[in-house]
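Go ahead and model the full structure; you've got the sequences and the hints to work with.
Residue numbers (numbering that gives the first Met the number 0), protein chains in the order written: chain A, 0 to 280; chain B, 0 to 149.
Please keep in mind that the hints were generated in silico from the structure rather than gathered at the bench.
Keep in mind that a hint or two might mislead.
[As the list claims (entries may be wrong)] DEER-style ranges, computed between Cβ atoms:
(1) A:A161 / B:P90: 18 to 26 angstroms
(2) A:A248 / B:G111: 21 to 29 angstroms
(3) A:H234 / B:E145: 35 to 43 angstroms
(4) A:R120 / B:D51: 55 to 63 angstroms
(5) A:A55 / B:D51: 33 to 41 angstroms
Glycine included, every Cβ here is placed at the ideal spot set by N, Cα and C.
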Amino acid sequence: MSASEKITFWYGCNVVRHGDIIHGAIALLEAVGIEVTPAGGAGYCCGTAKDGNLRAAEGMAKRTVEKFNAHGTGQVVSWCASCDRHMNGFMGEYTQPQFELSHFTQILHARRDVLAAKLTRRVERKVMLHRHFGFHEVDVNPLVEDLLRLVPGLTLVESGTAAPGHMCSALSRVPAALKDVTRGLCDEAVARGADTVATVFHSCHRLLCALEGSEPFKVVNYVNLLTESMGLEFHDDYKSWKLAGSEEAVIATVGRERVAAMGEKLFRESMLPELLKQPVK
Amino acid sequence: MFLLDILKKPPETLRGHLDDFIADTLARCTRCGKCYEACPMTRYSEGLSNADAKQVVSGVLDWLKQTPGNAESVAWLKVCTQSAKCADACPEGINAMKMVRVGQMSAMGSLGLPAEQAKLSGREAKDFFRVINAYSQTQMSAGQVEKWQR
Numbered sequence: 000m001s002a003s004e005k006i007t008f009w010y011g012c013n014v015v016r017h018g019d020i021i022h023g024a025i026a027l028l029e030a031v032g033i034e035v036t037p038a039g040g041a042g043y044c045c046g047t048a049k050d051g052n053l054r055a056a057e058g059m060a061k062r063t064v065e066k067f068n069a070h071g072t073g074q075v076v077s078w079c080a081s082c083d084r085h086m087n088g089f090m091g092e093y094t095q096p097q098f099e100l101s102h103f104t105q106i107l108h109a110r111r112d113v114l115a116a117k118l119t120r121r122v123e124r125k126v127m128l129h130r131h132f133g134f135h136e137v138d139v140n141p142l143v144e145d146l147l148r149l150v151p152g153l154t155l156v157e158s159g160t161a162a163p164g165h166m167c168s169a170l171s172r173v174p175a176a177l178k179d180v181t182r183g184l185c186d187e188a189v190a191r192g193a194d195t196v197a198t199v200f201h202s203c204h205r206l207l208c209a210l211e212g213s214e215p216f217k218v219v220n221y222v223n224l225l226t227e228s229m230g231l232e233f234h235d236d237y238k239s240w241k242l243a244g245s246e247e248a249v250i251a252t253v254g255r256e257r258v259a260a261m262g263e264k265l266f267r268e269s270m271l272p273e274l275l276k277q278p279v280k
Numbered sequence: 000m001f002l003l004d005i006l007k008k009p010p011e012t013l014r015g016h017l018d019d020f021i022a023d024t025l026a027r028c029t030r031c032g033k034c035y036e037a038c039p040m041t042r043y044s045e046g047l048s049n050a051d052a053k054q055v056v057s058g059v060l061d062w063l064k065q066t067p068g069n070a071e072s073v074a075w076l077k078v079c080t081q082s083a084k085c086a087d088a089c090p091e092g093i094n095a096m097k098m099v100r101v102g103q104m105s106a107m108g109s110l111g112l113p114a115e116q117a118k119l120s121g122r123e124a125k126d127f128f129r130v131i132n133a134y135s136q137t138q139m140s141a142g143q144v145e146k147w148q149r
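Pasting the structure below:
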């Protein structure tokens, strides 16, 4: 990929909880000289959650591939491990993609020399990466660790463990496993003296960020560590909501106007329980 | 056979792709059980405490054939977290992680089994897309939502 090339940045569905990650990732891609067409949310769903309804899954996949083809960039850069896996393993097998698929970490890593020049602010943190071993299509852990080593002032604490699954959301189907992983992560971060645990994927961030309320370390997505070093700030709203505590505090932190705009019933029934749920270890 | 393979059109539907994948997996899998043995999740299921690897895999293959598999195969399908260890372990080069996932689809009834024989439910959260759209409102401008997500 040349420095001036255009890409479609396919951020996915569930990451929309984390605007800081989306906006930060776009800023990083632009910082390394890429013209970005962002695409995500329900309109670009891969259909991976529709294994129980294959007709819906196929319809969503075909629509999404057709839209990417229409973008005409020839390059789709994924954020989400599930989307990437579903495109490679299913969608691309019965549609006609007219683009190459790469992962965000690969694109940034390939341009890390350009990125390094933009990382001018010191980020004085002792960081341990929360790792998984399930995303075998792209070995993201060493790529992200290399990127974090570019940040001045940041000390990377080597982690000796990796969790099963491609992301923590996969573990949530096996609560005992998620609990083990969470406990192991906390124990290791404390033992290694990390003051920050860096998440790679949004679903890990979603499920782990509230550890800040009870553990002696911060939980920050690696994108935010990189953008912080660029002098950019993208506030992690979702973490604030998760840390708010009570129902009333969550609503106050989200904002009553925003809750009303989203729909009070939808918020109370389908969003509030998630925001009140805390990590278990 | 080789000529037929060359002349065969690629599938144009998800079902067509799954049928091809299932046929290929059933033809190549030797039921050696290496995929099951490599799985880091089996210890999380009581139903797998004394399971025989070959029997579990045979059960998964039954699901691929749209025949209800044994209880051990259902227990394995339930604890899969896509760790991909099984895919790396297969000596035949089968994507065993995908095999398990297609087995899950069958056990959900997605491939045609009658609902009363389904053993798994879909994993989509309630109000999934409404929630996605609601969060989007809080994290992006209206213009960004319109431009990036329609």
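Do the hints match the structure? See the list:
For the pair A161 (chain A) and P90 (chain B), the supplied restraint of 18 to 26 angstroms holds, since their beta-carbon distance comes to about 24 angstroms. Take A248 (chain A) and G111 (chain B): their Cβ atoms lie about 49 angstroms apart, and the range 21 to 29 angstroms is violated. Between H234 (chain A) and E145 (chain B) the C-beta distance comes to about 23 angstroms, which lies outside the given range of 35 to 43 angstroms. For the pair R120 (chain A) and D51 (chain B), the beta carbons lie near 57 angstroms from each other, so the given range of 55 to 63 angstroms is met.
For A55 (chain A) and D51 (chain B), the hinted distance range of 33 to 41 angstroms is satisfied, since their beta carbons lie about 36 angstroms from each other.
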